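From first to last, the protein sequence lines are chains G and U. FYI, the numbering for the first sequence is 1 to 328, going by this note's numbering. FYI, the numbering for the second sequence is 1 to 324, going by this note's numbering.
For the record, the hints were derived by calculation from the structure and aren't laboratory data. Don't take each hint at face value.
Below, in silico cross-link-like pairs of lysine-lysine (DSS-like), each with a Cα-Cα straight-line distance of 27 Å or less [as the list claims (entries may be wrong)]:
{"id": "1", "chain 1": "G", "residue 1": "K260", "chain 2": "U", "residue 2": "K197"}
{"id": "2", "chain 1": "U", "residue 1": "K130", "chain 2": "G", "residue 2": "K30"}
{"id": "3", "chain 1": "U", "residue 1": "K56", "chain 2": "U", "residue 2": "K83"}
Predicted, not measured: the structure shown is a model, and the values here were computed from it.
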Amino acid sequence: MERKVELKVVNLKKYFPVQKSFLERLLSGKIEYVQAVNRISFEVRRGEVFGLVGESGCGKTTTGRLITRLIEPTEGKIIFKGEDVTFIQGERLREFRKYVQIIFQNPYASLNPRMRIGEATAHPLEIHGIATGERKKKMVFEMLEKVGLEPAKKFYDLYPFELSGGQRQRVAIARAMILNPELVVADEPISMIDVSLRAKILELMLMLKEERNLTYVFITHDLAVAKYISDWIGIMYLGEIVEIGRKEQIFSTPYHPYTKALLSAIPVPDPKREKKDIKLKGEVPSSINPPSGCRFHPRCSFAKDKCSNLKPSLKMVDKDHYVACHLY
Amino acid sequence: MKNLLTIQDLRVYYYLREGAVRAVDGVSFFMKRGETVGLVGESGSGKSTLGLSILKLVSSPGKIVSGKILFNGNDIAGWNEKKMRLLRGSRISMVFQDPMTSLNPLMRIEEHLVETIRTHQKIPKAEAKKKASLLLNEVGIPPERGGDYPHQFSGGMRQRIGIALAIALNPDLLIADEFTSSLDVIVQFQILNLMKKLKASHQMGLIFISHDISLVSEIADRIALMYAGQIVEFAPADIFFSEPLHPYSEGLLNSVPNIELSDQKLNYIPGMPPDLVRPPDGCRFYPRCPYGEDICRRKEPPLVQIEKEHMVKCFRYDGKKSRT
Ligand SMILES: Nc1ncnc2c1ncn2[C@@H]1O[C@H](COP(=O)(O)OP(=O)(O)OP(=O)(O)O)[C@@H](O)[C@H]1O
Ligand SMILES: Nc1ncnc2c1ncn2[C@@H]1O[C@H](COP(=O)(O)OP(=O)(O)OP(=O)(O)O)[C@@H](O)[C@H]1O
Ligand SMILES: [Mg+2]
Ligand SMILES: [Mg+2]
């Protein structure tokens, strides 16, 4: 059975103007932009996990913020359950926020320092009028326990600054999941959690998905995590999606040279193993003046003339598997 | 060779309404110049607190209760703020777990780097600017972004700007707290190479706090494994990875997902770490230990030396490598 499309992103683009002093602007005579996200498209079906992986600074968080309507796109559309939500406002936006949650990348910035953990976790329940009093408290205790903040009674009364990094990350997860959302954008949600606890959190997230038919856009730099949790994986490079496919396809037959480089760089816990040499030449290009043609070409060992002139589009290489590269 | 850093029986507690959180509770370890210690352990086990206390930056209600911190042979545990300020940044520096701690939201990043360099080194502005550009390049931030403010960068970019600031003055010791937690594997690899370069060029010592044990194995010379405020095993890295002794070390290494196996099941250690306000009397790992015996519940195991430079806190080892 084909699942329903929960989220569809069409030609989404976000350019941020570069701030310059008046004098600099006068001298250069033009406004420059950081091309954070450049016309990306993908869809995620209900109950599935779309893993978004890519270089630091390639536009993953920006994509997540666009999807959750925290920032406005420069161009493109966001379609949630068949409805174009790109510009909804007021009551409709409020409703949307009840169903679509984001777990922010930095757990230090995303928690209100004056709110105790219990209040912070209960806050969404209050805003949306879902539960009050004892019932609310019970829901919060349950959620804190589920993310391993035990004894929940103790954590309920603590302030964010009294928590370690990984503990804060778990508060952020609890707060996002307590509302029974339908779509969760999770931005590096477990990046500070050690391996033994991380398995427990990932299992919790998958269990909630099964129970409630949740959909995730899961941003992570950790390929083992992406492999474990995702159904689909999108690989981003400098604002663009360069490869997209089912998880098994990405790991067993990666096509894009950037994807291959990423997979070859995964560290293994064995100091005696021969150290690998990661072959990616050149420096990280800037997203203010991205390279012409294929944005990856200056660092690609297979680049041909064509690659610097013509931008490759996403082409199907196998069923469900797409890659943007002139080699294929 | 003399030790760069020796920590002896350090205790750092946070005083809360319901009692003291014993975040660091009797920690000892050492490192030599140019060495990397991988400080690993469960979330909330006290790694950041230990890192911060070396710089004496533990925030109130936290306090260093007792113990010694010998840096180049001097016990800095008792130093006052004025003396510490001369040490911070130039001799010991830190990349904080929260990248915004070291960034100034109102300052363009290049300006910030230039200022950091110039407060400690009397060099002309143009030269400091050039150095700032080089530093940005080394951490993979295009120098043309130097005019941007911290909020205009991605999470991982901020982390790397923090690294550039921390290494700007060539410290003898860098404490890096989860400094690669938002970086993709290729950039991680580049940052580790940069660390190796600094190690080789001027013998920088590195305390690498991380939950990513695979990454730690790529660079660490020694491993200090923390559990509930204490170091339960301290060992040369190759020995730790091939023959871990402590049951917690064993469990942790078994939980590392192996990307090459298609097997979907993730291993983990059942149970939760103890409350650090009221830790159990005996071994703190006892409630989760598959080998626990009666004595473990009653008595706290001492940290025993198994071999020169290899210590473990467990009754199963009685000063020798074979289990008793
Ligand atoms: N508010 C902003 N103003 C200007 N530039 C921005 C802003 N937010 C993000 N950017 C830029 O957009 C690009 C993409 O940033 P984004 O945060 O989406 O990256 P990311 O993929 O999440 O990276 P990381 O893995 O490091 O978190 C970066 O070059 C960043 O500097
Ligand atoms: N300012 C504070 N006040 C009270 N308790 C604190 C404070 N900071 C940390 N703690 C507590 O001290 C313990 C150790 O925290 P620490 O931040 O050192 O852990 P960590 O090992 O760095 O964890 P993580 O890997 O999650 O960052 C935790 O139980 C935490 O709740
Ligand atoms: Mg990000
Ligand atoms: Mg920490």
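So, going through the hints one by one against the coordinates:
| no. | hint | result |
| --- | --- | --- |
| 1 | G/K260 to U/K197 | holds, 26 Å |
| 2 | U/K130 to G/K30 | holds, 25 Å |
| 3 | U/K56 to U/K83 | holds, 11 Å |
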